[in-house]
Amino acid sequence: GAGVSQSPSNKVTEKGKDVELRCDPISGHTALYWYRQSLGQGLEFLIYFQGNSAPDKSGLPSDRFSAERTGGSVSTLTIQRTQQEDSAVYLCASSPSRGAWDTQYFGPGTRLTVL
Amino acid sequence: LAKTTQPISMDSYEGQEVNITCSHNNIATNDYITWYQQFPSQGPRFIIQGYKTKVTNEVASLFIPADRKSSTLSLPRVSLSDTAVYYCLVCSNYGGSQGNLIFGKGTKLSVKP
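These protein sequences, in sequence, are chains A and B.
Going by this note's numbering, the letters in the first sequence line up with residues 1 to 115, in that order.
Going by this note's numbering, the letters in the second sequence line up with residues 1 to 113, in that order.
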């Protein structure tokens, strides 16, 4: 079946611009995660959605970052007034149940470059 | 908050068994141990998960001692295609903040011919 998809695959923007990154999770998966991975670094947790519950935003690095998930499916991560330090690969993952220990299925990521 | 410690890198040769150990001294009763594999320009992929003792699947084995303060991922007879970064993840199965989803920097395994 179809896996997690993300778009765009690459995004180049200028400092100060807003960007939107999209994630399409696996159909039927209730949990959705966003991570950030800077060059040569591990994955940094950003935000977690579970069904209709309020999202866990504990990993968002600043108020310039926000995310929403419409209809329990597609999610959009928005970065306002981008900065050069926002350059990274943004990964989305989904999992079938509510347990944090459940297997996460990752998308290919969106590589964001802020000039 | 269970944090993990892994070697930054490891080298091996084709056909050898590779063991990567992860330390998680503050693991909680509800925590599971999960390993992921990541190839360049791809998202991580689930390898194996365990709670205690030993788990084996078609890809790897996971050894967890009784105190659960560490775990060892064992890859039998590695090939060049096993060259990747391996992440150890410890997280619980109860609700609350998911900020404990800490992947860390992982272990970069290089398999040589």
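Derived by calculation from the structure, the hints in this document are not laboratory data.
Misleading hints may appear alongside valid ones.
Chain B side only, calculated, beta carbon under 7 Å to chain A, not exhaustive [what the hints assert, rightly or not]:
id	residue
1	Tyr13
2	Gly15
3	Ala28
4	Phe39
5	Pro40
6	Phe46
7	Cys91
8	Lys105
9	Gly106
Pairs of lysine-lysine residues, derived as DSSO-like cross-links and limited to a Cα-Cα distance of at most 30 Å, are as follows [to be verified]:
id	chain 1	residue 1	chain 2	residue 2
10	B	Lys108	A	Lys11
11	B	Lys112	A	Lys57
12	B	Lys105	A	Lys57
13	A	Lys11	B	Lys69
14	A	Lys57	B	Lys54
The model shown is predicted, which means the values in this text are computed figures rather than measured ones.
The beta carbon of each residue, even a glycine, is placed where N, CA and C say it ideally should be.
Against the structure, the hints come out as follows:
no. : hint               : in the structure
1   : Tyr13              : violated (24 Å)
2   : Gly15              : violated (29 Å)
3   : Ala28              : violated (12 Å)
4   : Phe39              : violated (11 Å)
5   : Pro40              : violated (11 Å)
6   : Phe46              : holds (5 Å)
7   : Cys91              : holds (4 Å)
8   : Lys105             : holds (4 Å)
9   : Gly106             : holds (6 Å)
10  : B/Lys108 / A/Lys11 : holds (27 Å)
11  : B/Lys112 / A/Lys57 : violated (41 Å)
12  : B/Lys105 / A/Lys57 : holds (22 Å)
13  : A/Lys11 / B/Lys69  : violated (41 Å)
14  : A/Lys57 / B/Lys54  : violated (34 Å)
This entry does not satisfy hints 1, 2, 3, 4, 5, 11, 13 and 14, going by the numbered hints stated previously.
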